[in-house]
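Engineer: The listed protein sequences derive, respectively, from chains U and R. If you count by the numbering used here, then the first sequence holds residues 344 to 812, one letter each, in order. If you count by the numbering used here, then the second sequence holds residues 110 to 363, one letter each, in order.
Derived by calculation from the structure, the hints in this document are not laboratory data. Be careful, since some hints might not be right.
Stated by the list, open to error - No farther apart than 30 angstroms at their CA atoms in a straight line, the calculated lysine-lysine pairs in the DSS-like style are these: (1) LYS363(R) - LYS577(U); (2) LYS372(U) - LYS363(R); (3) LYS363(R) - LYS801(U); (4) LYS583(U) - LYS363(R); (5) LYS712(U) - LYS469(U); (6) LYS359(U) - LYS348(U); (7) LYS203(R) - LYS416(U).
Unchecked claim - Chain U side only, calculated, beta carbon under 10 angstroms to chain R, not exhaustive: (8) ARG431; (9) TRP435; (10) GLY498; (11) ILE604; (12) ALA606; (13) THR615; (14) PRO622; (15) TYR631; (16) SER708; (17) ALA711.
All C-beta atoms in this analysis are idealised placements derived from N, C-alpha and C, irrespective of residue type, glycine included.
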Amino acid sequence: MAEFKEISPNAGAGEKLLNWVDNRFPASKLYKEHMSEYYAPKNFNFWYIFGSLSLLVLVIQIVTGIFLVMHYKPDAALAFGSVEYIMRDVPWGWLIRYMHSTGASAFFVVVYLHMFRGLMYGSYRKPRELVWIFGCAIFLALMAEAFMGYLLPWGQMSYWGAQVIVNLFSAIPFIGPDLALLIRGDFVVGDATLNRFFSFHVIAVPLVLLGLVVAHIIALHEVGSNNPDGVEIKGPNAPKDAQGHPLDGIPFHPYYSVHDIFAVSVFLMVFTAIIFFAPEMGGYFLEYNNFIPADPFQTPLHIAPVWYFTPFYSMLRAVTSEMMYALIACVVAGAVLGVLKGKLANVFKGAIVVAALAVVAMMLSIDAKFWGVVAMGGGVVILFFLPWLDHSPVKSIRYRPDWHKYMYAIFVLDFLVLGYLGMLPPSDIGGRVSQAGTLFYFGFFLLMPWWSTLGEPKPVPDRVTFTAH
Amino acid sequence: MKKIKQLALGLVMALGLAAGAYAAGGGMAWDKAPGKTNDMASLQNGAKLFVNYCLNCHSAAFMRFNRLKDIGLTEQQIKDNMLFTTEKVGETMKAAIDPKQAKEWFGANPPDLTVIARSRAGAGGTGADYLYTYLRTFYRDETKLTGWNNMAFPNIAMPHVMWELQGDRKPVFEEKESHGHAVKVLKGWEQVSPGTMSPNQFDQSMGDLVNYLQWMGEPAQNTRVRVGVWVLLFLGMFTVIAWRLNAAFWKDIK
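Required output: the full structure, derived from the provided sequences and hints.
Structural biologist: Spelled out as structure tokens, the structure:
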């Protein structure tokens, strides 16, 4: 137990109260550790606002969600009507609902940008692997949250989107059909599905999400923030002042809290402009078809997930039985390279050959649809391994060879193209492009241990580069 | 080489703006609806047409009659002129027809119209554009059960309810060359028998009706835009303050 601190009897009531609390709960300590004495590098740029903004959107989603649940009815016969009731009869209900629906898309916008920042500046590199892994888990939970939330308005897209995605699970060999049945709670998406998705959406996943966010921030504050130069400001050799505070750091509060207030204000201008002037965002945030109540007997001509899932949906559709041959060729090539080039013991080389043969045998015997599901899931799961895939001697893109920047640019372009194609109905050309895009996406990560070491990195400075502003 | 060209074309298409994301489900190109959801006279005329013509078969099950106060009608006016299927102004708009009979007569239940203007939007334009085109392009087609067909919604189950207003019309097609084969393109209309309204009057009435449908899809939309202007004005000012506050704190950081 910490030492019990006495306070002068002449102190003010506020001070006395704080002292009383501090003797029982580390209020001041927490405030210092995470706010007023959390030293963040002072060279943060534009890309560093998306973490705070994600937190803001999370709060918006939780608060608006609480009010929506007060009026929403998780019942297949009533759900669609209850959303319209919120839009019409609940005072300011339309605003709450639009905040929530726009918030869902905004969440993915800020999280994608936040992740890209991490990718650019190597924020996942040692010692920040766990910060990154918690972040990836947040992303995964967020996808589950968004997917299940999207069923709740019970429109045509809600219904058929859920139907298509849950059916994917039935492609898993042996357990697939039972697993899909377990998720739906029925043989088709129905009232049982709506009820369990509601439960997951409002209780289970948000709890996990909040826990992960806390873990993400605790891990971050333990190791300290990275910065655009990828220079450690708190390392043993980093310059520090007399109190041991890093010279290149600055207290989070007030310096970055005023930054964030400014950023929040700009973000809210965009956010509210969408809410008030284009809440459907041209059919991207609220799909037009979703204004038709769910009808199990009428399949829409074209079923597309909401925009934030479409890059991964493209990967799913890219894996056709024809594509399997290309993937098998990749596995064989990988195994051959591993055996010929890898500096491994013969036992391991033998293991590689056996494993490759087993994988190829499975790829030939199991339906391509299953491998499509694997590709879609793998597209997210592969992110978890990034800390061990990147072997570049420097962290930040600033000091990596110039062509690495083009590599990242192509990666971003590839992700956007996959996302765009995922919204379109399938086509021959689109299919070929998304197959190439999928191969590039996975090649980018799986070959990273090789290509990230190529080229001459630029000299990394000892101190962060900072120009006063 | 051809493959490469196709791929390149695919990339260009993929990079192009996302206008094509929602393919329209057949039918002709859509005309532009007037889209004035803050024109009270137009909305009131649209509401009148709606309860007189649409509400017999279609419901607007999420729309309450007394919400019409938002478009300038008094409760008494609503009671006197709008209520055919109920006595209470707080009720939602239910169709006069029995849904079972409707299914028997038309082969399908007439869809609910509360949010129809929102659901029909697509690559061809807004939902209002679609409805405006659809309501004006019925024509006689003896091969159909109801004797009517529609240019924007081919093989529709609904007859032309407002034919007395518009009169009988026949579409005139012309052959055109498109991508190497001949296609029939709508050239214009031939008035077979006159309606009680002139073509201009009819277009205007349909504009009013579509305005109303668009407004009914989201009765809060005019409030929404009005509030939005104030919110953005506030945030604009707040952003300036936040910017200066930020600058003041960072001024001395070297």
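Engineer: So which of the earlier hints does this model not fit?
Structural biologist: 5, 16, 17
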